[in-house]
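Asker: Add 47 to a position in the sequence shown, counting from 1, and you land on the number used in this note's numbering.
Do not take every clue at face value.
[Unchecked claim] Here are the computed distance ranges between Cβ atoms for each label pair:
1) A216 / A77: 40 to 50 Å
2) S256 / D195: 28 to 38 Å
3) A204 / P69: 11 to 21 Å
4) P69 / H184: 15 to 25 Å
5) A173 / D73: 43 to 53 Å
6) P120 / A176: 17 to 27 Å
Think of the hints as simulated: they come from the structure by calculation, not from any bench. Just so you know, even glycine gets a beta-carbon here, dropped at the ideal spot from N, CA and C.
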Amino acid sequence: MRSWSVVVPAKRLAVAKTRLRPLTGDREHAEATHRELVLALLADTVAAAVACPAVGAVVVVTDEPAAADVVRPLGARIVGDEPDRGLNPALEHGARTAPGTAVAALSSDLPALRPEELAAALGAAAGTARAFVADAHGTGTTLLTAVDTELLPRFGAGSAAAHLRGGAAALSGPWPGLIRDVDTEDDLRAALALGAGPRTTAVAGRLWSAD
């Protein structure tokens with residue numbers, strides 16, 4: 048099995064997951080609660096990637112100390128966001144620092160991801176120079192892979208179409224946790240229904256038990 052390096056971006060908490068703020072914003076200690084939720088999503092994602100048998104290294108690109116503190120004990124390597132010019136430059140920088148010639152960019156908000164799902168998707172991508180997995184809505188991207196070539200990430204609005212136009216092959220399979228990223232409360236509920244990781248499940252339980 049090919050050994051992959053997986054690059055995960057982690058924004059500064061002050062600007063991360065703003066569409067989840069309606070869920071956390073009306074509560075006491077709203078900012079701390081929002082930070083806790085964002086870090087839980089990241090930690091469950093990184094834990095699944097570290098546990099994936101096809102993954103040899105997980106590189107988290109971040110300038111957020113709290114994010115680094117959460118993922119380092121899980122086995123991730125931290126790389127500073129030296130470009131500091133947004134998501135795609137951060138991923139390119141992370142890919143350049145990652146070991147090996149098989150590199151994947153993975154969204155940081157996949158709390159229901161299973162290691163075996165990621166292994167299956169990476170296995171499907173292994174024979175292709177560049178490939179991607181679209182999100183549950185079919186418009187975004189949760190995984191972008193490159194083998195013996197540049198990553199060329201185009202994450203952002205309409206990224207699935209952008210990656211397709213850029214020559215990446217579209218992959219699909221029985222990977223419900225891999226395609227279920229979390230941007231909204233509805234997304235979070237859908238991830239929990241699939242079986243989210245322990246950190247996200249715990250934070251979400253506290254959120255809704257307080258209602």
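Asker: With reference to the structure, classify each hint as holding or not holding.
Answerer: Results of checking the hints against the structure:
no., hint, in the structure
1, A216 / A77: 40 to 50 Å, "holds, 42 Å"
2, S256 / D195: 28 to 38 Å, "violated, 49 Å"
3, A204 / P69: 11 to 21 Å, "holds, 20 Å"
4, P69 / H184: 15 to 25 Å, "holds, 19 Å"
5, A173 / D73: 43 to 53 Å, "holds, 46 Å"
6, P120 / A176: 17 to 27 Å, "violated, 34 Å"
The structure does not agree with the numbered hints 2, 6 stated previously, though it agrees with the rest.
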